[in-house]
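*Asks:* Top to bottom, those sequences are chains A and B.
Position one of the first sequence corresponds to residue 911 (our numbering), numbered consecutively onward.
Position one of the second sequence corresponds to residue 14 (our numbering), numbered consecutively onward.
The hints are simulated quantities; they were obtained by calculation from the structure and are not laboratory data.
Quantities reported herein were computed from a predicted structural model and do not represent experimental measurements.
Be aware that a few hints might be false.
One side of the interface only, derived from the structure: several residues of chain A facing chain B at Cβ under 8 Å [stated by the list, open to error]:
#: 1; residue: V931
#: 2; residue: G935
#: 3; residue: I937
#: 4; residue: I938
#: 5; residue: H941
#: 6; residue: Q942
#: 7; residue: A945
#: 8; residue: R962
#: 9; residue: S1017
#: 10; residue: F1019
#: 11; residue: L1022
#: 12; residue: E1026
#: 13; residue: D1068
All C-beta atoms, glycine included, are put in the ideal place defined by N, C-alpha and C.
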Amino acid sequence: MKGKLNLANMAGWITLALGCVSLTGAIIYNHQILAFIGLGLTFWGIILTYIRSEEYVKESFMDAVCLSSLEALNQLMDKLGYTDKAIYLPPKYLKEPENSKAFIPKSKFSTLPKPEQTQREDIDLFIENPEGLLITPPGNELNKLFEKTLETSFTRVDFQFLQLNLPKIFIDELEIAQDLEINMENNKICVKIENSPYVRLVKEIRKLSKVYESLGCPLSSAISCALAKATGKPVKIEKQEINEAARTMTMEYNLLEEEAP
Amino acid sequence: MNFPLGFWDISLLTAISAIILLITSEMLSPHYGKINILINRKRLKHASITFSLIFLMTVAVKVISILTS
């Protein structure tokens, strides 16, 4: 912010300057107390100038930006009649494995498309036989952010890696939750996110029922993308629950078995 | 004109500073649900670790000087 005084920054520099003056005084007059004051002020000056606040955007702004694009997607899905649960495709189905894609079948009983169908260059949005929609899910960019933070690609890791490192991203790096647990039992994966401010946004996204029921919220969608990449299996979001009072989110994913060729 | 504080005084000051910073950085950890404080926690953690290392170095210097004397 140009031309606007940053009070915290200014306080840091003033403290540092006062500390330096006091230290100089202590050396000139050989004064012990002045030296202690000088060292203390210099120390806090350095700390205040070094540890600055991070740049954040307001939650209300983030909600507005996120919701409008999801609302457009919700309308499109509703009008086109693709409202069944999306299947997150693993990298072998994609021409560019770094990007994630989700397949929304037209009918509940449709099978998965073949990798040759989804890898075709001329494919735009619609797939025929089985009929469905092939789209970039809302959590694609967030999943890329996870990969960028961990300096790896989820196509090169396994489920144990995600189990170990996703909590680190959520708690230490992005600071959007107090705890995250991932457990796998047979082909079911359960993710529990505790004390997350993101729950408020999910409550709003839940109103966009078509997107929420099919693709999930951006966070659950990003986890689906990561799971599909790491396990190499198609992933479906089975259940999403939020507890607003406890600020917890529980998501259940299903790893689908592919049909034998 | 000489500096009125000795090596041991500065060691004590860095010890106090390191303790304050380590406690603050631990208290602001997202592991305890403090996710709404707008501060660069990584830098705070780095600063606290740096001060702790400086203090430990002063202790090491003192121990070596005692052993060699």
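*Asks:* Hint by hint, work out which the structure violates, then give me just those numbers in ascending order.
*Replies:* 1, 2, 9, 10, 11, 12, 13
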